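Peer 1: Using the hints provided, position chain B relative to the given structure of chain A.
2 protein chains.
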Amino acid sequence: MNYSWAERLSGMEDPAIKNLLKTMQRPDVIALSAGSPAQSSFPVAELSAAFSAVLADQGASALQYGISEGYGPLRKWVASRVSRLGIQCEMENVLIGNGSQQVLDLIARILLNPGDYVAVESPTYLAALQIFKGYQARLLPIPMDQDGMLVDQLEAAIQTKRPKFIYVIPSFQNPTGICMSLERRRRLAELAARYEIPVIEDNPYGELRYEGEAIPAIKSLADSPWLMYAGTASKIIAPGLRLGWLVAHPEFIERVATAKQTSDVLSNSLTQRAVHRYVTDNDLDAHIETIINQYRLQRDVMLAAMKQHFPAGVKWQAPHGGMFLWVTLPDGMDASALLPLAVEQAKVSYVPGTPFYADNSGANTLRLNFSSPTPELIAEGIERLGKLLKSYMNG
Amino acid sequence: MNYSWAERLSGMEDPAIKNLLKTMQRPDVIALSAGSPAQSSFPVAELSAAFSAVLADQGASALQYGISEGYGPLRKWVASRVSRLGIQCEMENVLIGNGSQQVLDLIARILLNPGDYVAVESPTYLAALQIFKGYQARLLPIPMDQDGMLVDQLEAAIQTKRPKFIYVIPSFQNPTGICMSLERRRRLAELAARYEIPVIEDNPYGELRYEGEAIPAIKSLADSPWLMYAGTASKIIAPGLRLGWLVAHPEFIERVATAKQTSDVLSNSLTQRAVHRYVTDNDLDAHIETIINQYRLQRDVMLAAMKQHFPAGVKWQAPHGGMFLWVTLPDGMDASALLPLAVEQAKVSYVPGTPFYADNSGANTLRLNFSSPTPELIAEGIERLGKLLKSYMNG
Chain A
2 MNYSWAERLS GMEDPAIKNL LKTMQRPDVI ALSAGSPAQS SFPVAELSAA
52 FSAVLADQGA SALQYGISEG YGPLRKWVAS RVSRLGIQCE MENVLIGNGS
102 QQVLDLIARI LLNPGDYVAV ESPTYLAALQ IFKGYQARLL PIPMDQDGML
152 VDQLEAAIQT KRPKFIYVIP SFQNPTGICM SLERRRRLAE LAARYEIPVI
202 EDNPYGELRY EGEAIPAIKS LADSPWLMYA GTASKIIAPG LRLGWLVAHP
252 EFIERVATAK QTSDVLSNSL TQRAVHRYVT DNDLDAHIET IINQYRLQRD
302 VMLAAMKQHF PAGVKWQAPH GGMFLWVTLP DGMDASALLP LAVEQAKVSY
352 VPGTPFYADN SGANTLRLNF SSPTPELIAE GIERLGKLLK SYMNG
Chain B
2 MNYSWAERLS GMEDPAIKNL LKTMQRPDVI ALSAGSPAQS SFPVAELSAA
52 FSAVLADQGA SALQYGISEG YGPLRKWVAS RVSRLGIQCE MENVLIGNGS
102 QQVLDLIARI LLNPGDYVAV ESPTYLAALQ IFKGYQARLL PIPMDQDGML
152 VDQLEAAIQT KRPKFIYVIP SFQNPTGICM SLERRRRLAE LAARYEIPVI
202 EDNPYGELRY EGEAIPAIKS LADSPWLMYA GTASKIIAPG LRLGWLVAHP
252 EFIERVATAK QTSDVLSNSL TQRAVHRYVT DNDLDAHIET IINQYRLQRD
302 VMLAAMKQHF PAGVKWQAPH GGMFLWVTLP DGMDASALLP LAVEQAKVSY
352 VPGTPFYADN SGANTLRLNF SSPTPELIAE GIERLGKLLK SYMNG
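Taken in order, these protein sequences are the chains called A and B.
Heads up: the first sequence begins at 2 in this note's numbering, then just goes up one per residue.
Heads up: the second sequence begins at 2 in this note's numbering, then just goes up one per residue.
Just chain A, same shape as in the assembly (with noise of 0.2 Å):
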């Protein structure tokens, strides 16, 4: 059909994603490519314990239109979590959106003009990509090392070029698995100040640690309007509740909640007020204890059989908390390539790194996932990429 589209479509569109989403529905194909978390750590019985018991105490008015901003008492609920990450705040600094995808969209939404510079990790979680283009942004890779953000890079950057604002994943990086040292998140707050730049903190994998010590949020290392900080449910309960949340500045709150109007008015209300019912009947703690030891035992499998299978001349670091983990191919290598053949011959999935690269590059990393898939299938799949790997290697 001859529609005219929007400019704004072809920023938004990555067929290897697309073609990537239907490789991973194949039963056939062990997925180490997903991006989801493991189902059998949803809490089932107590999610509909929680929805009956609203509906019963609530009524009707459980399912009617709400503010924009959220429900009240799981803003404030929010507040008083992020408060263990050092995050001081009151229910107005909180706005609940459909997943974090959606607040991170809004703030796009608010603050990217055509051709502005977005500054992000380089590589970095793939959709994020997406909404910034999606915005038509132009986008300000800068590179990592096991500390996280190149922060002088950054700032060199930010001198040249002023982006916009900085978007970074500080624990547990999607999809490196890289947590930012407290130095350099210091920095990054210090930059944020300087410059009146905003900095983007998402943080979905930051309950899930599995060794070391957690790390202060970049937001609560300074009272700043710079700094804002976007979590989920979606890791530590279930992802299709769809709820996140947005912490930052009043004023800045009030606008990101005028774009949620215009998009669809408000989120969820029954799910927002089952989910504030589920963390306010149930013991939160303790269940995100029983994922991190599901997912330890998943990395350590990974990690054991990775060792076990994979050729001389691929390197890899433990995670120390998070989904993922970050492979690179020696040099000349071309993971995207390579992939059919992992589909198709050796019936395992896993995602190129290119997709999370702003520049392309990256060509000879991958990304696997832990959560997902079952002890069993981990050692099974890493067993099959290892003997495709090194049958390639070698031929």
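If you are wondering where the hints come from, they were derived from the structure by calculation, not from laboratory data.
When the alpha-carbon atoms are kept at most 20 Å apart in a straight line, the in silico SDA-like pairs for lysine to any residue are as follows:
{"id": "1", "chain 1": "B", "residue 1": "Lys162", "chain 2": "A", "residue 2": "Ser5"}
{"id": "2", "chain 1": "A", "residue 1": "Lys348", "chain 2": "A", "residue 2": "Glu381"}
{"id": "3", "chain 1": "A", "residue 1": "Lys162", "chain 2": "B", "residue 2": "Ser5"}
{"id": "4", "chain 1": "B", "residue 1": "Lys162", "chain 2": "A", "residue 2": "Tyr4"}
{"id": "5", "chain 1": "A", "residue 1": "Lys391", "chain 2": "A", "residue 2": "Val315"}
{"id": "6", "chain 1": "B", "residue 1": "Lys388", "chain 2": "B", "residue 2": "Leu342"}
{"id": "7", "chain 1": "B", "residue 1": "Lys388", "chain 2": "B", "residue 2": "Asp332"}
{"id": "8", "chain 1": "A", "residue 1": "Lys391", "chain 2": "A", "residue 2": "Asp332"}
{"id": "9", "chain 1": "B", "residue 1": "Lys77", "chain 2": "B", "residue 2": "Glu93"}
{"id": "10", "chain 1": "A", "residue 1": "Lys162", "chain 2": "B", "residue 2": "Trp6"}
{"id": "11", "chain 1": "B", "residue 1": "Lys388", "chain 2": "B", "residue 2": "Leu304"}
{"id": "12", "chain 1": "A", "residue 1": "Lys388", "chain 2": "A", "residue 2": "Phe311"}
{"id": "13", "chain 1": "B", "residue 1": "Lys162", "chain 2": "A", "residue 2": "Asn3"}
{"id": "14", "chain 1": "B", "residue 1": "Lys348", "chain 2": "B", "residue 2": "Pro376"}
{"id": "15", "chain 1": "A", "residue 1": "Lys162", "chain 2": "B", "residue 2": "Tyr4"}
{"id": "16", "chain 1": "A", "residue 1": "Lys348", "chain 2": "A", "residue 2": "His310"}
{"id": "17", "chain 1": "A", "residue 1": "Lys77", "chain 2": "A", "residue 2": "Asp286"}
{"id": "18", "chain 1": "A", "residue 1": "Lys162", "chain 2": "B", "residue 2": "Asn3"}
{"id": "19", "chain 1": "A", "residue 1": "Lys316", "chain 2": "A", "residue 2": "Ser392"}
{"id": "20", "chain 1": "A", "residue 1": "Lys77", "chain 2": "A", "residue 2": "Asp224"}
Now the stretches of chain B that chain A is said to cover, found in silico as 3 or more residues with beta-carbon under 8 Å:
{"id": "21", "segment": "52–66"}
{"id": "22", "segment": "107–114"}
{"id": "23", "segment": "131–145"}
{"id": "24", "segment": "232–244"}
Pairwise CB distance ranges, derived in the manner of DEER restraints:
{"id": "25", "chain 1": "A", "residue 1": "Ala157", "chain 2": "B", "residue 2": "Gln154", "range": "53 to 61 Å"}
{"id": "26", "chain 1": "A", "residue 1": "Lys348", "chain 2": "B", "residue 2": "Pro217", "range": "48 to 56 Å"}
{"id": "27", "chain 1": "B", "residue 1": "Ala215", "chain 2": "A", "residue 2": "Glu290", "range": "54 to 62 Å"}
{"id": "28", "chain 1": "B", "residue 1": "Asp282", "chain 2": "A", "residue 2": "Glu377", "range": "34 to 42 Å"}
{"id": "29", "chain 1": "B", "residue 1": "Gln137", "chain 2": "A", "residue 2": "Lys348", "range": "42 to 50 Å"}
All values reported here derive from a predicted model rather than from experimental measurement.
A virtual CB, placed ideally from N, CA and C, is assigned to each residue, including glycine.
Peer 2: Okay, now just chain B, sitting in the frame of chain A:
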């Protein structure tokens, strides 16, 4: 704070609407300004049973991520449901969004470049105007008469301005209550095909008819890729569930799904399943019949009270369906200027007409809602408003 906002933000903001929402929350004011369905009509027990049944039967899979197009069985149900409007389609023609508001937002996102024209009824749904202005569109308001949009004027506007799409609410329009005639619908479908311009048919109220014969949907009048149809569960089940749908050509649906993926990945998985379960296990038509009986009564109470209490010179027409009654005050009167008096003195609220007009005209018009307040409050509210109008017009 010195945040640097995107240019599009100013298009989304309307301080008048923000103030209005605050007014509606005052417990001492009778809100005839609502846009919400009657809370008493929500099927609380049935929905509670549906949520429980889905979690009992489908377990954790009901809480996982899913495809952006929506839950297959719900999409199939929508395809079957719209067939009674004469629309022939399959699951592939349907996408589930967070209410029809998000459907409109996603359509605007993939079609509109800044400066593009959008043809709209004058007046029309004020949030649609905010969405289109948020994408920096220019609006082409087309006047209406009692049969709906004046399609001759639309065709003239198409020839000179070539709008990107045409947005209409053909049945029991918000705010006027007008139902577009079959002949006008036919002309609109012809214009869409002739000029290859999408017509977005927004139909939240179509099933709420209190008298007269049903008129086929515009989309049913031609098997055309240029006709798009948006529906919602908000007015026939409950708005807090945030479920709406788009029916369109599969090529169009595919691009809307791309925008949905970027925007918030998917709509609430559990709610999609629960609503599907609700419509499967219950008689939705019988439920809608009870809503119709309730709203017809409330409309008639409002009409009777208006006849009794409104002064000569104030004009209105009885709508055959929907939730709204449109009032025209004598020339020279200003409903926006009168609103503070209504709220502070008479303790009754309405929506002034101006925000519904793309060209900010309509100063002497206002919208009343009869779905949300009880018959007692409607009678009392209209009496208060009538007294105020009398004293104001005599003063």
